[in-house]
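**Student:** Chain by chain, the residues run as shown.
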Amino acid sequence: MRDKILYVLGAAALILLARDMVLITGFPPEINQGAIFKIIFFHVPMAITALTCAMVAFVASILFLITKKFQYDALAVAVTEVGLAFLAGNLITGSIWGRVAWGMWWAWDARLTSALVCWLLYAGYLMLRNAIEEPTQRATFAAVFSIFAFIDVPIVIFSIKWWRTQHPQPVFWGGGSFPPDWKAVFGWQMLAIMLVGVVLTAVRLRQEQFQREIDSLRRMAHAL
Amino acid sequence: MMAFLRQVLVIMAKDLRAELRTKEAINASLSFALVVLLLFSFAFDPSEETTREISGGLLWIVFAFAGTLILNRSFARELNNDCLDALISAPIPGSALFLGKALANYVLVLAVELIALPLFGVFYNVRWTSQFWQLMMVVALGTWGMTVTGTIFSALTVNIRLREVMLPILNFPILIPALLGAMQLTSALVAGKPITADNEAWLKMLIGFDIMYTAVSLVLVETVLVGG
Amino acid sequence: MTEAVGVEGVWKFYGDYPALRNITLSAAPGACLALIGRNGAGKTTLLRTIAGFSRPGKGKIAIFGNSPRDTQTRRLMGFIGHGISVYDELSALENLTLFGKLYGLAEPKKTALDWLERTGLDRVKDGLVREFSRGMRQRLAVARAFLHGPKVLLLDEPFTALDDRAIAVLQRLLREALAEGKTIVMSTHQLREALELATHVALLNRGQVAFHGERTADMLADPGWVYARYGEA
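Chains as they are written, first to last, in the numbering used here: chain W, 10 to 233; chain F, 918 to 1145; chain R, 4 to 236.
Bound conformation, chain W alone (with noise of 0.2 Å):
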């Protein structure tokens, strides 16, 4: 049954994924920046996919924590993951659109920090795990550092963006506009690209929950 959902979400994403393409390349190119400012239908969706994730691991994380079951330790490290990639996407997209629209690869632009800043955080988050062998040691040592991250996210942005505004650099997607008729189209592609990171998070779950059994299957077995 949990198959035939993500079958069908699966889909849909696809489906959606690929009609707004379409949309997308049928837009005339944007008046400042030309086509490339279209690249903002996957940079920013990408970037509220991956902070929606952080909200998740936090809330994960601190779930248990209280409660100490393991279904919210696969959550948390399922969407850590998945947001990861997301952020990865999205500073990629970022990179790549600088250096089209303005000629560099990275200017330390504000928001683009920032999300480098937190990758690393939630890249710490995963090395961290890697470091720990027995499982609810892991499970309460990654929910810890988690809540750290989550709470240092907004203080990065803020702080970033203020040192930004101390000393100002050429903004990247400073001076594009973005026309009234494309919005529907990037409601639809924000929910398109949710869509993705919720099969690809169901499907990292299903895989850890996988792994643990085998993990304490081995575990007593050796015991034997």
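Hints were generated in silico from the structure; no laboratory data involved.
Any given hint could turn out to be false.
[To be verified] A short, non-exhaustive set of chain F residues, derived as facing chain R with CB atoms under 7 Å:
1) Val927
2) Lys931
3) Ala935
4) Arg938
5) Thr939
6) Asn998
7) Asp999
8) Cys1000
9) Asp1002
10) Ala1003
11) Ser1006
12) Ala1007
13) Pro1008
14) Ile1009
[Stated by the list, open to error] Straight-line distance between alpha carbons at most 27 Å, and here's what the computed BS3-like set of lysine-lysine pairs gives:
15) Lys63/R with Lys77/W
16) Lys78/W with Lys13/W
17) Lys77/W with Lys61/R
A virtual CB, placed ideally from N, CA and C, is assigned to each residue, including glycine.
Guided by the hints, dock chains F and R onto chain W, whose structure is given.
**Tutor:** Leaving out everything else, chains F and R in the frame of chain W:
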């Protein structure tokens, strides 16, 4: 309350006494600070103008990396002989253990910083004392942020693989906002400009950062020590 | 009468793997419970869970009716694990005074000096622990555990790797403790020394209690008796 403070002081005194007897961490930290200061001076040949602009960044990189050497030792020193067991089974709250260690670390890291600062002034030929007290305030606030997260992560990483590597990997990204603020303020203060309405936001952010992470650490330390 | 140590339906999980399965046993005040079993049976895990180093996944631990994590309860407990749990860089006296202060003793230094004498370490009280011989370090570890007058002593293989002098000191202290009505739970491989002191015996097998009862003359005569009857081949 009094009992709690007394316990904090006992732990702090124990850590300081043990460290001052061996001086392992503090020597390593000081040497490291010196080396980094030297390396940076080889990296470029600054005029006094450039030096003042980068002073904040340079100093806090030195402080952060030298500080890591001390913070790593914090809970690691308890592994020897299984002393951590004895501390956990003692009738003191985890928060007292944490605060005692954090304060001991604070003293040690501040000591290294207060030696590195005049050395910086000498090597780079920079007069940094014109806004002395405000600079001290920024150093105090920034160092506390670094110490608090470093101490709780020291507890988190004490028993895991690659401990020495994991601590900086976890600590530095979290610290980026605090380090950023400290760097901005320090550069301005070393250049002789007092903290104005322009810079106040950084100060407020530093204070907010310190308060928040101290609070979260105090709440979560018991989980880290005794866990699930 | 409240039990000194109560373990009720305790499970301890490492991930999904149960290291302890539905453990229920108890020790009355004044009892000495010897916990025996193969390596990997769960003795250390059980002792450390009783001592409050980690929480059980299911079930309850009660020391005189309260959680071992309560601050007041921890004052009543003394633990000796595999390490000596004293600081190499501090002197014997500094170590004991430190723990005296942490346990809120009225006169930490005086009590420390007293215990240094009782364990035969008074002549080296200002020596740094890192210069001590192995036997001296072990006696200091014992002093540290007894210093605050705990009512419940939890010892993880205390006789392992002790020299003769340290064994004698420990046995004497444990007998005195039992005479004072204290409770001891001790995991051990050294069946002979442990069974001499024990009033009760519990055998752990793969995380479960295979036997729990009084120590009998049979057991004293043949330490392997419990294993033969209740253990696995």
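**Student:** All hints are to be evaluated individually against the structure, with a verdict given for each.
**Tutor:** Taking the hints in turn, this is what the structure says about them:
The beta carbon of Val927/F is positioned within 7 Å of a beta carbon in chain R (closest approach about 5 Å), and the interface hint is therefore held. Of the supplied interface hints, the one on Lys931/F holds, with its beta-carbon coming within about 6 Å of a beta-carbon of chain R, less than 7 Å. A least Cβ separation of about 4 Å between Ala935/F and chain R falls short of the 7 Å threshold, and the interface hint therefore holds. The interface hint given for Arg938/F holds, since its Cβ lies 5 Å from the closest Cβ of chain R, which is under the 7 Å cut-off.
A cut of 7 Å between beta carbons decides the hint on Thr939/F: the least distance to chain R is about 5 Å, and the hint holds. Taken as an interface hint, Asn998/F checks out: its beta carbon lies about 5 Å from the nearest beta carbon of chain R, inside 7 Å. Interface restraint check: Asp999/F against chain R, minimum CB-CB distance 3 Å, threshold 7 Å, status holds. At a threshold of 7 Å, the smallest CB-CB gap from Cys1000/F to chain R is about 5 Å, leaving the interface hint in force.
Taking 7 Å as the C-beta contact cut-off toward chain R, the hint placing Asp1002/F at the interface holds, the least distance being around 5 Å. At a threshold of 7 Å, the smallest CB-CB gap from Ala1003/F to chain R is about 4 Å, leaving the interface hint in force. The interface hint given for Ser1006/F holds, since its Cβ lies 5 Å from the closest Cβ of chain R, which is under the 7 Å cut-off. About 4 Å separates the beta-carbon of Ala1007/F from the nearest beta-carbon of chain R, less than 7 Å, and the hint is met.
The restraint placing Pro1008/F at the interface with chain R holds, with a minimum CB-CB distance near 4 Å, inside the 7 Å limit. Given the 7 Å rule on beta carbons, the hint for Ile1009/F holds: about 6 Å separates it from the nearest Cβ of chain R. The hinted pair formed by Lys63/R and Lys77/W meets the criterion: a straight-line CA distance of about 16 Å does not exceed 27 Å. Distance restraint check for Lys78/W and Lys13/W: the Cα-Cα separation of roughly 26 Å lies within the 27 Å cut-off, and the hinted pair is therefore satisfied.
For the suggested pair Lys77/W and Lys61/R, the alpha carbons sit about 11 Å apart, so the restraint of at most 27 Å is met.
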